[in-house]
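Asker: One-letter residues, chain by chain:
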Amino acid sequence: MPRLDWNQYDPNGFYDELIAAPGQPHPAARALCDYLAGLDSSEIGDLKAAAEVAIQVMGISFTVYSDGDMIDRAWPFDIIPRIIPLTEWQRVEAGLKQRVQALNMFIDDLYNEQRIVKDGVFPAALLADSVNFRPQCVGIQPPGRVWAHICGSDLVRDKDGTIYVLEDNLRIPSGVSYMLENRNVTKRVLPELFQTGGILPVDDYPDQLYDMLVSMSPRPLDEPNIVIMTPGIYNSAYYEHAYLAQQMGVELVEGSDMIVGSDNCVYMRTIDGLVRVDVIYRRVDDMFIDPKAFNPDSVLGVPGLMGAWRAGNVALCNAPGAGVADDKVVYTYVPKMIKYYLDAEPIIPNVPSYLCMHDDERDYVLANLDKLVVKPANESGGYGMLVGPHATAQKRAEFAELIQADPRNYMAQPTLSLSVAPTLTDEGLAPRHLDLRPFILSSAHGSYVTTGGLTRVALVKGSLVVNSSQGGGSKDTWIVDTSAQGGL
Amino acid sequence: MLSRVAENLYWMARYIERTEDTARLIRVTRHLMLDFPGTTTLSWSSLIHITGADAIFDEHYGTRDAAKVLTFLCADRRYGGSIMGALAAARENLRTTRDVMPKEVWEEINSLYLQGSSLLAGTIDLRRLDDFLRTVIRGCQALTGMIDGSLSESPARTFCAVGGYLERVDMTSRILDVRSANLLPRSPDDLKPFEQLQWMSVLKSLSAHQMYRRQVRTRIRGKDAVRFILLDTTFPRAINRCLKRLHGKLATLPRSDAACAAVAELQQLLQRDGTAELADAPDQLHQFLDDLQLGTSRIHDAIRTTWFGGVDSPAPVVDETVEHPGQ
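Protein chains in written order, with numbering that gives the first Met the number 0: chain P, 0 to 487; chain C, 0 to 326.
Errors might be hidden in some of the hints.
[Unchecked claim] Straight-line distance between alpha carbons at most 35 Å, and here's what the computed DSBU-like set of lysine-lysine pairs gives:
1. C:Lys-222 x C:Lys-203
2. P:Lys-47 x C:Lys-102
3. C:Lys-102 x P:Lys-186
4. C:Lys-102 x C:Lys-222
5. P:Lys-96 x P:Lys-335
Treat the hints as calculated values from the structure; they're not laboratory data.
Take the sequences, apply the hints, and build the full model.
Answerer: Below, the structure written as structure tokens:
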């Protein structure tokens, strides 16, 4: 590993998160870049090795399930953090709060008055076709009329430096444990920078999450019983479920650990007997939480859970049905929602999007498939997408047919030039594309945004795929208050 | 603590203990066979009977020769009491409770499992059998030591201990049964010349020989050996001591009356007159050990119904003391 020379580092024309121009770090990244440049090659190698050891010792892993054997892989991590100045972050934070507030009002409206449909702002046809609309939730008003208590929105930065919201994850967003662990590893590896670097802490998330969950309790107790409901060890996010349970000191339960009593309350089976459960942070999809209400074949859920929730005897976070807003077509309406419910302009823009259900926009999409990314409404994890510029003519023709057969199910966006950040690779320092997933907590008492979020990096040169199961990695994310920085 | 987690830990501890004790059981039998003239009626078949695995063995195997019995007891995953079967089960139980167990315990059981699998690759080589058994016993001791040394006093630890003690009572009684089953000549005259050897083997299989020696200080006699294994209050694998510990552990749990009563019942059986005399009466010893094993299964039932909860749980009863820890 050669010494890091910022004059030799070239972001290839992309926006770089640390470097404004060769040899010139952004002001908030100057302390970090100077520090790294002062290390010799063996010291950098040592830091990299120390991070690997820390990850192994701390047991930070993610699960890949294949061939009937479970493999826990070490979490792929790059030691060079990604930096966002506090002043910029404050605007992003305000934008995320605004966005999630509008989304919650939208979900609540859909399950109750449906004003936005009646006023012609949101098309009735779209609602009628929504696969994540749950008729079982109609007429319900959860406390504070909040549905999406935990939201993970993906942010990307384009060539000109503008930050866009790429999508909102309102069902069961994951990754926050890795955000916390990335910081723990970085503190071990670069402790000097934390003394004077003006880096804002992230570790109050479990407390914030716990407080939010407590505030949802249907019983005014000092210590309500909170649980995390997991599908079990074979779920790819099981590490996170166990991690959050440990951090909050709550039970990690599976569906079979709970029953709904004749009093329509939820109980968990413990060695002390049946103990009432007040709040369930469920990491199980809607369709599997209650075989009586949804998929009757599912063994992951608790029969009668929906009834207990409807009766107000237990809080479910996120509320069932919140996924109705987790739809890439619904996404395109978020700026209109913000205008409609909050009478405000969106602080963070959406990526410009084309809806195939509108004739003129569909014509544009079909004529420009080689320039666009086409996404189906309800897939996640990058499945079922067409990345036009990288696709074969045959693949584009297939998508043209899919779009014409079911226009409601598709939307398209221009391919963005995602920003990059310097990353340690086998060839030395190199720019790699990245995104950012902050987490937003909402309750009747207000909202909270993580300090930064989980930065995911495409470790393969030129790649835009940041998923860890496909060779993606991650970085610690620093929100830096330059006014609080001292000399190093 | 969740019932499921408690149950998994209990079974994990039972399986670790069963792994170790099955290895001991095979070891003592093998040593007895090596020590005895070829004319005796020692038979591997009895081991299947002692472990209570007749039905499943007969389902998959024909004759009960050494190779088949050893393959079955060491390597057959279809039988949950085989060494690799029990080890695999302990490992699976630990998977779902990794959040409450020290990480090193998981790593140890994983590596023991992998090591065992590679030692048993292919057929069982009799020359490597002792290596394998020693590795297994040592690995299990390491595991119980780690749990003892790194898991805080908590219900998790209690359920590990409970499972371990109960399985040990059951398996120690089965190892003792080696002496009473058809392994040995029936006529007292045939028995005499081998008495010391046989009992020494049983004691050695329980790692009890040295401790016995320090305590009894006479040549090894059946009566004394039985007294030591059943009634000693200080030796860790002695049944009396296991039951006493088991009772103490159970008493720390909520609603423990039924389980404690089931243990007390067994303690009384043990203290009856003439227990030690059973050494000279193989049939009666066998009957006694059978009773002991039935008793352990009653204790298990009491534990299961009290703490693990079944599909048919009783109507919800909220324990207010749990909900208001401060009151």
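Asker: Hint by hint, say whether it matches the structure.
Answerer: Okay, the hints, checked on the actual structure:
1. C:Lys-222 x C:Lys-203: 16 Å, holds
2. P:Lys-47 x C:Lys-102: 24 Å, holds
3. C:Lys-102 x P:Lys-186: 22 Å, holds
4. C:Lys-102 x C:Lys-222: Cα-Cα ~44 Å, so violated.
5. P:Lys-96 x P:Lys-335: 16 Å, holds
The structure fails to meet hint 4 from the earlier list, while all remaining hints are met.
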